[in-house]
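Residue numbers (the working numbering), protein chains in the order written: chain A, 1 to 143; chain B, 1001 to 1297.
Keep in mind the hints are simulated off the structure, nothing from the lab. Accuracy of the hints is not assured; some may be wrong.
What the hints assert, rightly or not - DMTMM-like, lysine to aspartate or glutamate: derived pairs with alpha carbons at most 20 Å apart:
#1 B:1258 / B:1173
#2 A:44 / B:1217
#3 A:44 / B:1203
#4 B:1284 / B:1250
#5 A:101 / B:1203
#6 B:1232 / A:26
To be verified - Examples of chain B residues toward chain A, derived with CB under 8 Å:
#7 1134
#8 1135
#9 1185
#10 1196
#11 1208
C-beta: ideal position from N, C-alpha, C; glycine also.
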Amino acid sequence: MKPSATPVTTTLTDDQMQALAQSFHDIAFEIGQVRLDAISAGSKLTDPSIVQLQGYVYSLMNTAANFALQAANLTLANADQAVNEISLATKAADDALDELKDVDKAVQIASSVVVLAMAISTKDLGQIATAAKSVVTTAGFPV
Amino acid sequence: MSVTWVRRRLLVQIVTVAALCAGINGCVNLDDAAGLSKLADEARAVLPKVSSDVSGTCARQNILFENTPAAERPKTEQAQDCKPYQELADHLAKDQNALIAYFDALGKLSSNQPLGYDAVINKNVTASSTNTAFSASAITAGNDAQSLLKSLADAATAGYREKQLSRLIEANDAVVQSLTQSLKKVVTADYTLLLSNEELSLDTFYQGPMASAQPNERLTLILVQRQYANDKSALQVRKEDATSYGKVMDDLATLHAKLKLEAEKKASMVEVARQVAPVVESLKTTLSDIQSRSNQP
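This is chain A alone, in the form it adopts within the complex (with noise of 0.2 Å):
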């Protein structure tokens, strides 16, 4: 039997890191986007789910700041892959936020991106994978 191979740890480029930060930041605008779009239909700012996508908006708004900020220190084992998962799973959020109407739908998908966030933060692979999945299902596209 072949050991299997230990993956390669690597830190991010800033490039990688920077680009990870514009794409919570674009899905943060999305998610704004549609929580002003509700009020403006009628929706009140203390409605619960008008104040959730608030809160989502907060929560990426902070994740995009902390990866611009200081961000040197995220080492993933295949550094490579967990992006290429997480940029597939962010770019899906977006698209299916953009010009969404059903709040609830938006939450969903706001929240799914929160918990991705979260993952990349364990930096374990596994985890990372999961939610990056989650992410693309919740968006409707399929894995």
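Once you've looked at the hints, dock chain B against the given chain A.
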């Protein structure tokens, strides 16, 4: 009066003064030719307006957060911790000070003026520790700044003067190129993303209440719209400043590369003046742009 005409006139002036000066009494030096000390003074006055705002954006976002009624945001959300922002701003300030001090030192050494700040340089070399939690560009900038400061400290200790200037320029070109590009990246990419976050905070703060305003709140709405427009305009100025900062760093890199090239060719100061005049003019214009935007009401 066209920009090209103004630039051409400045170039002619610099070269003429340098040529006259050299012809009359041989007084011309690198500081006369490139105006490095004056340029350093202008950069020292202007660049911190941009770099210090890395922490300013966090403070402004927190004000918006705290002014959002508690019922409109989740109870678990808290204002941001501005400490990392402040640490990065401090780090940037040290690194850009090292860069400015270096150009200032080139000017002073070339005119045989004493450096006069050996103690400060030594202190900064020690203080410029690198926080490994920063982005790779910020860490690179910190290492480059330390290297420059060390080089200046060595030059001061060894009593460098005009004749050894070429050696200093040639030895430090790679570090200057790296430091300028790292500072540019931190400001034009990382800080600009933080400003985009601030813009989203602004939009969220104003647009929600504006969209849900009642018909009897018309006059209040007008006032709020004006305040929103003012805040957006101020943010736009900061974004333009960040872009200008990047241009200043590119120009400083180009200026140093030209100085190195001319040093290698052992060119006359008149020729050096001719070569660097356009980039010096571009630097002055960009620094002046940042300064005038900060003077706007």
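I'd like to know which numbered hints this structure contradicts. Please list them from smallest to largest. As far as the earlier hints go, not one is violated by this structure.
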